[in-house]
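Student: Going down the list, the sequences are from chains A and B.
Each residue of the first sequence is one higher than the one before, counting from 25 in my numbering.
Each residue of the second sequence is one higher than the one before, counting from 3 in my numbering.
It is worth saying that the hints were derived from the structure and are not from the lab.
Just to be clear, a hint being listed does not mean it is correct.
Below 25 angstroms or equal to it, Euclidean Cα-Cα: the simulated DSS-like pairs (lysine-lysine) are [claimed, not checked]:
(1) Lys65(A) <-> Lys303(B)
(2) Lys94(A) <-> Lys134(B)
(3) Lys283(B) <-> Lys303(B)
One-sided and incomplete, this derived list gives chain A residues near chain B with beta-carbon spacing under 8 angstroms [said to hold, decoys possible]:
(4) Glu97
(5) Val101
(6) Arg104
(7) Asp111
(8) Ile114
(9) Glu115
(10) Asn116
(11) Tyr462
Note that CB positions come from ideal geometry on N, CA and C, so glycine has one too.
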Amino acid sequence: MDLDTRLENVAVLGAAGKMGSGIALLLAQEMAREKLKAGNKDRTYVLHLIDINQESLTGLLGYLRVQLTKAAEKSIVSLREVYADRDDLIENYDVIAAFVEDSLSVVRPSTTLDSIGGSKLVFEAIIENLPIKLDVLKKVDSICGPDAYYLTNTSSIPIHVIDEGVGLKGRIIGYHFYNPPAVQKLLELISTKSTEPEVVAMGGELAKRLRKKVFPANDIAGFIGNGHFMRDILHATAEVKRLMADEGMTEPEAIYVMNKVSQDLLVRPMGIFQLIDYVGVDVCRFIMHVMTEHIEGERLEDEILNKMAKAGVLGGQFASGAQKDGILKYDGGRPAGVYDLSKGGYALFADGDWVALLDEKLGAPPAGIAPWRALLMDAGKSSKLKTYFDALAATDTMGAGLAREYLVRSQEIGAKLVADGVADSADVVNGVLTNGFYHLYGPINEYAELMTDKVGGK
Amino acid sequence: MKKLTKPVYVTAGYNTVSLGSGRKEFHPKKPRPGLEHYIKEAGQGALAQVNDPANVDEGVISNFMAARFNRQGNLAALMPMIDRKLEYKPLIRVEGACGSGGLGLVTATKAVLSGMADSVLAVGVEVQNSVKAVYGADILAGAGHFATQRKEGHAYFFPAKFSDRSCATQAEFGAEKTRKGMARWYERAILNARQCPKAQEYHNSIDDLYAAGMSPCNANAFCGHINVYDCSKVSDGASAVVFASEDGLAKLGVDKKDAVELVGYGQVVADISKDPEDQTKLTTSARAVANAMEMAGVTSKDIGMLEVHDCFTIGGMLSLEAAGFCGYGESPDFVIDGKTAPDGEVPTNLSGGLIGYGHYTGGTGVRQAADIAMQFTGKPDGQKIEIDSSKPYGLMISMGGNDRTVVSCVFRKAQ
Ligand SMILES: NC(=O)c1ccc[n+]([C@@H]2O[C@H](COP(=O)([O-])OP(=O)(O)OC[C@H]3O[C@@H](n4cnc5c(N)ncnc54)[C@H](O)[C@@H]3O)[C@@H](O)[C@H]2O)c1
Numbered sequence: 025m026d027l028d029t030r031l032e033n034v035a036v037l038g039a040a041g042k043m044g045s046g047i048a049l050l051l052a053q054e055m056a057r058e059k060l061k062a063g064n065k066d067r068t069y070v071l072h073l074i075d076i077n078q079e080s081l082t083g084l085l086g087y088l089r090v091q092l093t094k095a096a097e098k099s100i101v102s103l104r105e106v107y108a109d110r111d112d113l114i115e116n117y118d119v120i121a122a123f124v125e126d127s128l129s130v131v132r133p134s135t136t137l138d139s140i141g142g143s144k145l146v147f148e149a150i151i152e153n154l155p156i157k158l159d160v161l162k163k164v165d166s167i168c169g170p171d172a173y174y175l176t177n178t179s180s181i182p183i184h185v186i187d188e189g190v191g192l193k194g195r196i197i198g199y200h201f202y203n204p205p206a207v208q209k210l211l212e213l214i215s216t217k218s219t220e221p222e223v224v225a226m227g228g229e230l231a232k233r234l235r236k237k238v239f240p241a242n243d244i245a246g247f248i249g250n251g252h253f254m255r256d257i258l259h260a261t262a263e264v265k266r267l268m269a270d271e272g273m274t275e276p277e278a279i280y281v282m283n284k285v286s287q288d289l290l291v292r293p294m295g296i297f298q299l300i301d302y303v304g305v306d307v308c309r310f311i312m313h314v315m316t317e318h319i320e321g322e323r324l325e326d327e328i329l330n331k332m333a334k335a336g337v338l339g340g341q342f343a344s345g346a347q348k349d350g351i352l353k354y355d356g357g358r359p360a361g362v363y364d365l366s367k368g369g370y371a372l373f374a375d376g377d378w379v380a381l382l383d384e385k386l387g388a389p390p391a392g393i394a395p396w397r398a399l400l401m402d403a404g405k406s407s408k409l410k411t412y413f414d415a416l417a418a419t420d421t422m423g424a425g426l427a428r429e430y431l432v433r434s435q436e437i438g439a440k441l442v443a444d445g446v447a448d449s450a451d452v453v454n455g456v457l458t459n460g461f462y463h464l465y466g467p468i469n470e471y472a473e474l475m476t477d478k479v480g481g482k
Numbered sequence: 003m004k005k006l007t008k009p010v011y012v013t014a015g016y017n018t019v020s021l022g023s024g025r026k027e028f029h030p031k032k033p034r035p036g037l038e039h040y041i042k043e044a045g046q047g048a049l050a051q052v053n054d055p056a057n058v059d060e061g062v063i064s065n066f067m068a069a070r071f072n073r074q075g076n077l078a079a080l081m082p083m084i085d086r087k088l089e090y091k092p093l094i095r096v097e098g099a100c101g102s103g104g105l106g107l108v109t110a111t112k113a114v115l116s117g118m119a120d121s122v123l124a125v126g127v128e129v130q131n132s133v134k135a136v137y138g139a140d141i142l143a144g145a146g147h148f149a150t151q152r153k154e155g156h157a158y159f160f161p162a163k164f165s166d167r168s169c170a171t172q173a174e175f176g177a178e179k180t181r182k183g184m185a186r187w188y189e190r191a192i193l194n195a196r197q198c199p200k201a202q203e204y205h206n207s208i209d210d211l212y213a214a215g216m217s218p219c220n221a222n223a224f225c226g227h228i229n230v231y232d233c234s235k236v237s238d239g240a241s242a243v244v245f246a247s248e249d250g251l252a253k254l255g256v257d258k259k260d261a262v263e264l265v266g267y268g269q270v271v272a273d274i275s276k277d278p279e280d281q282t283k284l285t286t287s288a289r290a291v292a293n294a295m296e297m298a299g300v301t302s303k304d305i306g307m308l309e310v311h312d313c314f315t316i317g318g319m320l321s322l323e324a325a326g327f328c329g330y331g332e333s334p335d336f337v338i339d340g341k342t343a344p345d346g347e348v349p350t351n352l353s354g355g356l357i358g359y360g361h362y363t364g365g366t367g368v369r370q371a372a373d374i375a376m377q378f379t380g381k382p383d384g385q386k387i388e389i390d391s392s393k394p395y396g397l398m399i400s401m402g403g404n405d406r407t408v409v410s411c412v413f414r415k416a417q
């Protein structure tokens, strides 16, 4: 069965969630475009959007309408061609409205699985809970029969565990979109030893149509993106503890320092603690937990994250996409304070001179430093980064020392993902981090080499 | 050629800020001033320069598409909001797409010439940020022929029309030279706008303007032969001037040194349902300018300040050829050689033009007249130049649609 045929009947499980709704948005557009092709007039297209949360499912339709409109506005040039033979659609406004209606008309929201029998392509984006995923997928498998293919968005659970748990016999791949799926270009495509080659090929072709950049990963919990990110977190929190012990910093002070070093001195889009808040403290803890369960000989757990979660400090986003307060406090999306567990409230950057004293302690940044945003679009960024990292290697400040340790550790983590067979090459690891996390350079790089003989003197 | 039957003066120019993306105070999601605000600000700005608004006999308001941008028709009836003393006077609205402003100037001129009015307040306004650009493109496409052109037309209808002109010009005279000329036009527009605090591009801080102007064109997302820097932006704003006879000036208490004289105009219209006969020429504009110059008894050699309708860089360049400042195909070199710069052969679009100052479509023609009047009387909003005494005339071209409805006017300092 070819992809075109499979795209006639598709289901998204967990469709009202963060990831499910984005996946639904991508699919509704793609299926509407299929439907509108001249040769497909006799075909019927249905997109089942399944979620147990009735309220979210109702909200999903409003979300889809707004987002489909925005997407249609952006692609108006090509949409006018799609509707070239419709004499009644003349203005951009007409064409956009028609496309939104055509997309919504494929959508069938439901809280039950009764109607999804014909689905040949099933996307799974249910909460990260193995027993629930297995339970739902077993039911779906019994309804949809043996030629349905499954694409799971799990962040951490090994795909073979789901495959074997349901009995899909290789009809499943990991299809790991990044948040938000409609915007993020990166897709980690995870196959297991028993995944049918046709499923992998189909997943690759679909990704192309959805204009995603595919990076293949092997089936080891956490895969590439989270495999790096979680260990990166553990490096940062270990450094926090060390700074408290060796430098006499308080926890909020050390968190401020590591967040600043990981953003400014590593020229990343966000500091590590901001990224934890972005993803959600609990989500990070949960991914670590699942990774620990499935990776032998490595325990991923962090006391700071556990304490924060226990205190109800969780981060994550509001429905609007705005950042909620978490380990850091945010003002207009920018970090403005750090949660102080001992006080049960935020230590604000603007209160007193503690931040200025820490900045002084970290020392002046190396020459040639530029913010991430300034370099993002800069065609000459690689030579600018090289100059900067040369300076970083030679700078004798506390901040530079912490940054060097960080770079080297990040490189080790990346190299281990290759050595352990999670990624097939350093390029894949770098591709995931640059495309999915918007790093300007991959973790496995020439800069870290500059630092290796300058670290270890803790 | 008919001659003006008596002197017509233009005074009391006033322009509002051209608001839209690029201005620091512009936020697409925050509430903004509407039509009424702009009409009042510009109208009151002009009337503040005369002794008593009661002495203004008539009013004309130029606007293109308020009916769609702002769901408002009957615009003449918004003019009394400027000043109660305008109520119960003859007020009229005119429309000729982006050339509406030019039509307002001509309408005011005729009222004065007819003797029915000694003075006329001319206001031009458009508020376009009320809709997203993709829908604004639909509305502006009304300057073309809806019945025969819109369905086949591009999503960005007018940019595509001028992309076609750019394509044809590049084919005829060389892609590289044309492209460079367009980029230099953009650079010059922004440099001029940076001298004018009310210009939409006043806050533009792009380092390498020429490089930006040379950005590649993307046919998938926009147009094949122009990029976004080649286009005037979406603008909200209004302008106003007062037209008066000799008696009118006296009644308004305006000294002649504060006025310019309109010495010739040309107003011509071509069939909207026809494509341009030659994509590399603005033939309608050429006729309008020829008529205006003939009436004024001047040639391009006499023009010391020029205001052209550069809704797109290529349009600005082709209008230089249409007006005879350079030969056919020579405009890229003319621009590249700096001849349109403030210290060049023909100082052009000194406050930035449509690309630099902004383009509140229906009001732009009035803005051009106001700029010439203010420059010639020594009170420009932006940079001030010394008008070459051997070239004591100012020329403007106001164009509606794809070179369909065109007005050109020639001014000089009032004698
Ligand atoms: N959030 C991210 O950044 C991110 C990124 C990549 C992958 N993921 C993965 O995507 C999946 C979904 O995550 P999310 O962040 O969208 O979570 P979410 O909590 O926003 O959404 C999960 C949805 O599943 C629904 N659900 C729960 N039980 C169900 C059932 N029995 N049947 C149908 N629907 C059910 C919930 O009502 C909810 O709408 C997880 O596997 C997660 O690991 C998340």
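Student: Just pull the numbers of the violated hints for me, sorted ascending.
Tutor: Violated: hints 1, 11.
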